[in-house]
Amino acid sequence: MKLLRHRLVWAVAALVTLIVVNTISRPTFLSITLQDGELYGSLIDILRNSAPLMLVALGMTVVIATRGIDLSVGAIMAVSGAVALTVIEASPTPDNLGVVLVAIAVAALVSLVLGAWNGLLVAVLGIQPIIATLVLMLAGRGIALLITGGFITTINSEPYQFISQGYVLGLPFAFLVSIAAIVVVALIERRTALGMLTEAVGINPEASRLAGVRSRGIVWGAYIASGLLAGIAGILYSSNIMAADANAAGLYIELDAILAVVLGGTSLAGGKFSLAGTVVGVFTIQTLKSTITFLGVPPAVSPVFLAAVVVIVVLVQSPRTRSALARLTRRRTPAGGARIDPEAAS
Amino acid sequence: MTLPMDTDVPSSPTDRGAVAVAMRDITVRFPGVLALDGVDLTLHAGEVHALMGENGAGKSTLIKALTGEQRIDAGTITVDGRVRELRGTSDAQEAGIATVYQEVNLCANLSVGENLMLGGEPRRRGAIDWRELHRRAGEHLRGLGVEIDTRSRLSGHSIAVQQLVAISRAIMQEASVLVLDEPTSSLDRSEVERLFAVVRELRDRGVAVLFVTHFLDQVYEISDRITVLRNGALVGDYPVDELPRPELVARMIGRDLDELEALSDSSARVIDRSGAPVIRARGLARRGALEAVDVDVFDGEIVGLAGLLGSGRTELARLLAGADHPDRGHLEKRGTPVRLGTPRHAIAQRIVFSSEDRRAEGVVPDLSVAENIVLGVQARRGWMRPIAAAERDELVARSIAELGIRPADPNALVRNLSGGNQQKVLLARWLATAPELLILDEPTRGIDVGAKADIQRKVAELARAGLAVVFISSELDEVLRLAQRIAVMRDHRKIGELDAREVGLDAVVEMIAQEDPAPSPEPATSAPRSRT
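Protein chains in written order, with the working numbering: chain U, 17 to 362; chain V, 6 to 537.
Keep in mind that the hints are not guaranteed to be accurate.
[Stated by the list, open to error] Cβ pair distances, simulated, as ranges: (1) R333/V / L284/U: 41 to 51 Å; (2) R390/V / V36/U: 57 to 67 Å; (3) V129/U / R292/V: 52 to 62 Å; (4) R87/V / L284/U: 22 to 32 Å.
[Stated by the list, open to error] Partial pick of chain V residues on the chain U-facing surface, computed with a CB cut under 8 Å: (5) A328; (6) D329; (7) H330; (8) D332; (9) H335; (10) R339; (11) G346; (12) R355; (13) F358; (14) V369; (15) P370; (16) L372; (17) L380; (18) A384; (19) P391; (20) A393.
Since the hints were derived computationally from the structure, they do not count as laboratory data. For every residue, glycine included, the Cβ atom is placed at its ideal position computed from N, Cα and C.
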């Protein structure tokens with residue numbers, strides 16, 4: 017009973033349900049095969065493909081905790097991919113590891129600067145987050161096109177391709193990148209006092225200011241982190257298709273990321289946040305997408321299917337539905353059954 | 006001056022109109038607080054009735070009970086002879102009770118006429134008859150002596166005119182009772198005159214007007230009767246000419262001596278003022294909030310700031326604590342000039358400030374007791390140097406024990422604590438930063454008697470141990486008992502300083518209530534942050 021009250025229980029339940037549905041409809045879903053020391057299978061694909069969304073959603077979680085939102089993550093992904101590929105394309109030796117590392121570093125730096133720009137608008141100039149990041153959401157893809165000269169830059173670079181296709185210790189490298197990001201973000205937020213101060217600023221900004229918290233720096237830092245993580249996501253994405261597609265890279269990923277954060281139990285009103293919840297939320301969304309593809313839902317109606325599942329999950333999570341359900345089940349078990357106070361049950 | 010504490014019975018209504026509203030034994034409970042305790046209020050037709058009391062006295066709760074916004078736990082409300090159960094604002098409107106708030110609740114982007122007739126537009130063949138609408142609206146406004154173009158946008162008018170429109174709208178709905186909740190707090194003198202002309206017109210038409218304000222001058226200018234509330238209880242209902250100003254003030258702030266006799270030695274303590282003061286303010290001022298103030302606070306001294314709400318006491322506290330920027334003046338900390346740009350700078354100088362608005366500017370409700378307590382210390386250390394778990398647990402456990410925080414659970418969410426315990430958590434937060442100057446703005450407002458006594462005792466004890474304290478409270482008794490020196494504030498100025506050992510309550514009350522020799526056009530249009 018206590019377990020049922022845990023914040024994450026419904027998010028995990030949704031994920032498990034999806035996995036069960038998949039396993040029933042295709043028994044091979046859970047099977048993982050080892051081939052040349054590399055793991056293959058549907059689950060492994062989900063882990064690998066979820067990496068960009070994972071990075072973006074982690075950043076989004078921290079931004080949302082400060083009462084903000086970052087709509088520009090998809091556009092930053094596009095810019096980051098464009099920068100990385102342009103650097104590699106301009107090099108005479110695109111297969112050189114050093115060139116690829118420089119490309120990654122430059123792309124990450126540019127993303128960080130874009131995140132800092134968002135943070136400047138929100139934390140220093142006091143512009144509403146949704147408007148402030150909308151600026152870059154709209155302008156970002158234009159910037160990406162400017163960088164690639166209006167074309168879709170394509171490259172051939174083995175080290176760069178390794179980022180999305182390579183394996184380390186039998187696991188996809190992209191998955192390891194997302195694991196590393198989870199660990200780093202969790203350590204920074206929860207091993208230092210940053211997480212608590214971020215929540216304090218998100219819950220009550222004025223009280224935090226009077227308590228001497230550097231709220232400006234904390235909010236700014238959240239947008240910088242979000243920008244940087246989106247930039248790395250952009251590198252993963254462009255490595256996957258080996259092209260810098262300014263229009264398609266990270267399209268609508270901000271919406272998936274917000275969804276993952278909410279599924280994970282973090283309120284859009286800011287304050288308390290759950291990184292573990294976001295991780296579960298990301299896997300849920302990615303599994304759902306893979307399910308849609310597998311079940312053969314026509315692409316044209318797949319958004320409807322996605323929306324329907326999301327509505328169900330969100331409804332199940334809402335306290336109001338849960339207390340209504342509790343009342344319903346109690347009516348079915350008349351006298352004799354444990355009587356629960358309706359107030360306490362909610 | 007003697008101040009009888011018994012509840013005065015209203016004098017027999019010989020020349021008064023019929024009873025328009027009779028509220029009897031109104032009781033409202035909030036979690037942990039009795040907001041209203043058996044309060045009576047009687048409004049007669051054709052009178053202006055002022056409702057007075059300091060913050061937390063229960064004025065707004067009583068008004069909300071009358072306008073249907075607050076369900077009452079006990080008592081009856083009779084309007085025009087019929088007992089009413091007011092479940093919402095629409096019930097109140099139907100009963101003929103109209104309310105005009107400090108903030109105008111109209112549609113600023115519509116025209117004056119549209120606002121007046123909203124919901125009751127004249128129609129012709131299904132469409133709104135605009136000509137008729139504006140004709141009726143204009144006629145109605147002229148009836149109240151207001152000449153404005155009904156086709157102009159409401160937002161283009163001053164707050165005063167908007168308020169007049171709101172009143173007109175209220176009256177159009179055939180209201181027999183008009184509640185004015187601090188309507189004048191953002192108006193200048195001439196606008197107040199205009200508003201009062203309309204109020205008098207309505208009174209003469211037989212409307213019962215309930216008027217809530219913080220401005221004593223206005224009460225004496227327009228009211229016929231005064232009802233005074235304190236701490237959720239009725240103090241009395243008086244004809245205005247039987248209640249001189251000092252008596253009104255004394256009744257508002259009260260002087261009930263509770264179980265705190267033990268503290269009386271706090272104010273008698275002798276303070277060594279030979280060294281440099283912990284804080285010295287010279288000419289500290291901020292436009293629209295505070296006129297140049299000088300103040301010193303020495304080690305081990307409690308300086309009380311006395312004055313009514315809006316007198317500048319909170320504004321002074323905020324300037325001393327870096328919560329607001331002063332325009333002029335300078336501060337010295339132990340003889341060294343300091344600039345306090347932000348609360349962060351002040352905390353670095355070991356000056357801490359506990360705001361009067363516990364909920365909005367104090368606690369972080371969704372964080373735990375432990376997190377709320379360490380917040381100040383952690384902010385000082387920066388995010389990269391978290392307090393070690395052992396150190397933190399020790400600090401939290403000690404704070405909970407010393408201040409008697411209930412529940413004594415470090416992981417309880419602060420939102421679930423009572424007001425008094427939230428206040429103790431805040432006190433613990435500030436004490437954990439090892440302050441040299443503690444500024445407390447209304448630390449005991451709206452909390453139960455036990456917690457109040459705990460906090461007063463703690464403050465006295467801290468000062469005895471050498472801490473410098475600035476103490477603000479609407480309850481003068483509390484200030485007199487704790488402080489050794491009292492700075493009296495009025496109209497955003499410090500009007501004097503009193504030695505608490507030499508004066509009694511009467512002297513302080515008299516000073517606060519003193520009429521200005523030359524009444525300045527108050528309140529200034531650049532009104533300070535309104536705090537209700």
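Hint check results:
| no. | hint | in the structure |
| --- | --- | --- |
| 1 | R333/V / L284/U: 41 to 51 Å | holds (43 Å) |
| 2 | R390/V / V36/U: 57 to 67 Å | violated (46 Å) |
| 3 | V129/U / R292/V: 52 to 62 Å | violated (39 Å) |
| 4 | R87/V / L284/U: 22 to 32 Å | violated (46 Å) |
| 5 | A328 | holds (6 Å) |
| 6 | D329 | violated (11 Å) |
| 7 | H330 | violated (13 Å) |
| 8 | D332 | violated (20 Å) |
| 9 | H335 | violated (22 Å) |
| 10 | R339 | violated (20 Å) |
| 11 | G346 | violated (12 Å) |
| 12 | R355 | violated (11 Å) |
| 13 | F358 | holds (6 Å) |
| 14 | V369 | holds (5 Å) |
| 15 | P370 | holds (7 Å) |
| 16 | L372 | holds (6 Å) |
| 17 | L380 | holds (5 Å) |
| 18 | A384 | holds (4 Å) |
| 19 | P391 | holds (4 Å) |
| 20 | A393 | violated (11 Å) |
Hint compliance for this structure: hints 2, 3, 4, 6, 7, 8, 9, 10, 11, 12 and 20 are not met, and every other hint is.
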